[in-house]
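Q: Just so you know, the protein sequences line up as chains A and B, in that order. Under this note's numbering, the letters of the first sequence match residues 1 to 280, in that order. Under this note's numbering, the letters of the second sequence match residues 1 to 316, in that order.
Treat the hints with caution; some may be incorrect.
20 Å max Cα-Cα, derived SDA-like pairs, lysine to any residue [claimed, not checked]:
(1) A:K91 x B:E169
(2) B:K147 x A:D190
(3) B:K315 x A:T94
(4) A:K90 x B:E240
(5) A:K91 x B:F8
(6) B:K239 x A:K154
(7) A:K255 x B:I165
(8) A:K77 x B:K315
(9) B:K315 x A:T46
(10) A:K235 x B:E169
(11) B:K150 x B:K283
(12) B:K310 x A:L78
(13) B:K310 x A:D82
(14) A:K72 x A:L105
(15) A:K273 x A:Y106
(16) A:K154 x A:K244
(17) A:K240 x B:E169
(18) A:K240 x B:A313
(19) B:K315 x A:S93
(20) B:K120 x A:I238
(21) A:K63 x A:K91
(22) B:K315 x A:K255
(23) B:K315 x A:D82
(24) A:K91 x B:W233
(25) B:K296 x A:Q187
(26) A:K244 x B:G164
Because the hints were derived from the structure by calculation, they are not lab data. Please read all numbers here as calculations on a predicted model, not as lab measurements.
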Amino acid sequence: MAWFRRSKQNISSDGQKKDIPDGMWTKCPECNEIIHKKLLEQNLFTCIKCNYHFRIGSKEYFKILLDEGTFKEMDKKLRSVDPLGFVDSKKYSTRLDETIKKTGLYDAVRTGTGSINEISVVIACMDFGFIGGSMGSVVGEKIARAIDVALKQKFPLIIISSSGGARMMEGALSLMQLAKTSAKLAQLSDGGVPYISVMTDPTTGGVTASFAMLGDINVAEPAALIGFAGPRVIKQTIGKDLPKGFQRSEFLVEKGFVDLVIHRKEMKDQLTKILHLLLN
Amino acid sequence: MAKVVLEFEKPIIELEQKIEEMRKYADNLDIVDEIEILEKKVDQLRTSIYSNLTRWQRVQLARHPERPYTSDYIHMIVDDFVELHGDRTFGDDKAIVGGFGRLDKETVLILGHQKGRDTKSNLYRNFGMPNPEGYRKALRLMKLAAKFHKPIITLLDTPGAFPGIEAEERGQAEAIARNLFEMSHLPVPIIVVVIGEGASGGALGIGVGNRILMFENSWYSVIAPESCSSILWRSWDYKEQAAEALKLTAPDLVEQGIVDRIVPEPQGGAHRNPDEAGSILKKILLEELRTLKKVKPEKLIEQRIEKFSKMGAWKE
Ligand SMILES: [Zn+2]
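In isolation and in its complexed conformation, chain B is listed as follows:
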């Protein structure tokens, strides 16, 4: 049972609880038919709610505190995972985790932003907001992967790069820029998956790949809806409108020519069935890798640069 329930999830959860309760008495009372009716009803309710989610509701799902995070996916989809630490210059950023592991038989580098689940772990993970050393650790690992000809999988889930004094002192902008520059010409396949929040440069800093995937209920944009609201509407109250205006959902980004493929989620969102979300992702990653492995290194680079060069909309 979910501990955190979003407003629009409530009617579903309430019905589910009721069915659960009725099941306890089902042996003694003849209420099988009634349970069946309720189950149909909850199914209809789920379909109607989840096929009509607003963009803001998707943002809320993307931020759901019980949603699987990078480490969860790593443990669900790779074996023999060895986490590697540090940027070899300043320190080890806990807001980005990464290492080598086996996806089926093949070694891959898998890394991503890491949020915490409670106050304590969120403080430890800095709420998934990396400092420069996080991006530099990621780059160090990606260069290792290139050296040993291993494919790279990056998982994006951050409310943004950390805006702090030390982050600026150590070159937050340079760290992100350097990653964009270097990732564009690494000679191995790179698959990027937005698993939750893809907020701006902090997300993109590990997001240059041959294939860009987005979970059905994730978001990806240049700014979070709240910040956008505070700047353009001069108030924090227009986050729903900002989310609509930014067109930040997976289907939106497919339409904008940025995202290649949407990773479907279990009904109700990845947090309702993390294992299923993990196995769906694993299956899709294997498919994508099978295709990319046939491409020569120089072609991978060419294709990646070409892909990003095409992004944008203008007229002459």
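The shape of chain A in the complex, shown without the other chains:
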């Protein structure tokens, strides 16, 4: 119920701060190192000094993981129809139009096929910049269709998550996307097709409580926030400070919910290695 608080917080302040800023120089929010834009990009948007992972979008992630020129996007223009006619401080339909214009994306996930060191895969990557990476009908449907393709082609599935949770503005329909994507993954699993879930900062709420936690192998970028309830909600509920490192990737490895933490610079090679081990 509560993961949205986190997402809102991220959209308003936190998210802005961590986005890749314009201008030639960027300051690392973790260690304050000033890094040249070119160097940051060359370093796959991780800090040269402290390894802080900047939040990136699907465009950057596809470039990092996929062999050049192999990405073929699916269902690119699938769009929300504002099924509830939802209005809060502004109309959801207006919010969608504005976000589409601002981001050049149609919703919070992009899906397609491509190859990783010549292994054909179906890949999906979420964009936190699109309404906090929230999952509504479009995200659910695109993931479901991607799973169908993976099952049909027998291509391994990779989903890179980054989300504040389910999208409030589509009410119960958003909630049902948790069941829809999980049910589809059960079919994929019965078909013997591997699925690797890659969790990045942040992966919370309904996305964690569905496809993100259901990988045959769950991996995460370092220090990513991963959880069901957001830290603010938990703090409010129990009225205590949270332990250091709570809900971070390394904590999840320790508790047994993530297989391994992988630095973004090693992600492609590690995924290749895992896929080879599973497939051959």
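Use these hints to put chain B with the ligand onto chain A, whose structure you have.
A: Chain B with the ligand in isolation, oriented as in the chain A frame:
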């Protein structure tokens, strides 16, 4: 007589009390006609109030502290109930109860979220907010039901999965996700009934079925109206608007293609006549089971996955 009276119930309860009082004197005084007039009036009042409930008023009815809970329904509708405990890994979560019992002649697994009625029992039941072991207990029991070819009935009534440190440590998200995954391909009939509050992933975690039913005055959505208000309106004061915007009532969810059937409640809500609510539910469950029992196991799975795959609204 109801102990807790909601604001919009007040005029009805007051009139009912008055009629009750007048009845005491009816033998000595000639006031039969007047009682009759008042009874007509209270009937009209009930109809006008309950046919025009706002979404927020329904949320309040769904949370009514005298509303029947999972255990109440279990005892009203099944015989020979044996409650089973524990997830075999960590412990026994008191916020979810479940076990086998007989619905008429047939063995079923029945389980659901369990709230408490007073402070003490609410602390014991954690206000109906499960920890991961609750979902894992539910899954263990559902797999048992599948093993012995018994139908599953789940009753949803929770303000949400518990947001706590230990819940996160033990994988609240994984527990819910795993249930969604596993429930989608269990080879037995699954009937889901929202009996009160269906708050988000905490409710859905035992909510993947072939048939989804909702009591007339229950709610089901991605978030509670208060939390939605605090995030989108940045204040707790817009819960009524949030409830309207979320379209979270039973008729709303039928329209959204999520809920198959509304379980009608006694006039005034299930808390005004729990026994009647129980017998209505029992009758409907028997009907639904009769239909589902004719479906082959692989078809049940196919139909269930297909049902959820269709949910959502988009354009190409
Ligand atoms: Zn740094």
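Q: A separate judgement is required for each hint: does it hold in the structure or not?
A: Hints and how they fare:
The hinted pair formed by A:K91 and B:E169 fails the criterion: a straight-line CA distance of about 38 Å is larger than 20 Å. Distance hint between B:K147 and A:D190 is fulfilled; the C-alpha atoms sit about 18 Å from each other, no more than 20 Å. In summary, the hint linking B:K315 to A:T94 is supported, as the alpha carbons are separated by about 16 Å, within the 20 Å threshold. With a C-alpha separation of about 17 Å, the suggested pair A:K90 and B:E240 falls inside the 20 Å cut-off, and the hint holds.
Restraint check for A:K91 and B:F8: not satisfied, since their Cα atoms lie roughly 30 Å apart, outside the 20 Å limit. Note on B:K239 and A:K154: the hinted pairing is violated, with a Cα-Cα distance of about 47 Å set against a maximum of 20 Å. At most 20 Å may separate the alpha-carbon atoms for a hinted pair to count; A:K255 and B:I165 meet this at roughly 12 Å. Restraint check for A:K77 and B:K315: satisfied, since their Cα atoms lie roughly 8 Å apart, inside the 20 Å limit.
Between the alpha carbons of B:K315 and A:T46 the distance comes to roughly 37 Å, so the proposed pair goes past 20 Å and is violated. For the hint pairing A:K235 with B:E169, the CA-to-CA distance comes to about 14 Å; that is within 20 Å, so the pair holds. The hinted pair formed by B:K150 and B:K283 meets the criterion: a straight-line CA distance of about 18 Å does not exceed 20 Å. At roughly 15 Å between alpha-carbon atoms, B:K310 and A:L78 fall within 20 Å of each other, so this suggested pair holds.
Distance check on the hinted pair: B:K310 and A:D82 sit about 16 Å apart at the alpha-carbon level, within 20 Å; holds. Among the hinted pairs, A:K72 with A:L105 is consistent with the structure: their alpha-carbon atoms are about 16 Å apart, no more than 20 Å. Distance check on the hinted pair: A:K273 and A:Y106 sit about 33 Å apart at the alpha-carbon level, beyond 20 Å; violated. Under the criterion of a C-alpha separation no larger than 20 Å, the hint pairing A:K154 with A:K244 is inconsistent with the structure, at around 41 Å.
With a C-alpha separation of about 16 Å, the suggested pair A:K240 and B:E169 falls inside the 20 Å cut-off, and the hint holds. For the hint linking A:K240 to B:A313, the alpha-carbon distance of about 40 Å lies beyond 20 Å, and the restraint is violated. The straight-line distance between the Cα atoms of B:K315 and A:S93 is roughly 13 Å, inside the 20 Å bound, and the hint therefore holds. The hinted pair formed by B:K120 and A:I238 meets the criterion: a straight-line CA distance of about 18 Å does not exceed 20 Å.
With a CA separation close to 34 Å, the supplied pair A:K63 and A:K91 exceeds the 20 Å bound. With a C-alpha separation of about 41 Å, the suggested pair B:K315 and A:K255 falls outside the 20 Å cut-off, and the hint is violated. Pair hint B:K315 plus A:D82 holds up; C-alpha atoms about 10 Å apart against a cutoff of 20 Å. Annotation: proposed proximity of A:K91 to B:W233 holds, straight-line Cα distance about 13 Å (limit 20 Å).
With a C-alpha separation of about 18 Å, the suggested pair B:K296 and A:Q187 falls inside the 20 Å cut-off, and the hint holds. With a C-alpha separation of about 15 Å, the suggested pair A:K244 and B:G164 falls inside the 20 Å cut-off, and the hint holds.
Taken one by one, the earlier hints fail for this structure at numbers 1, 5, 6, 9, 15, 16, 18, 21 and 22, listed in ascending order.
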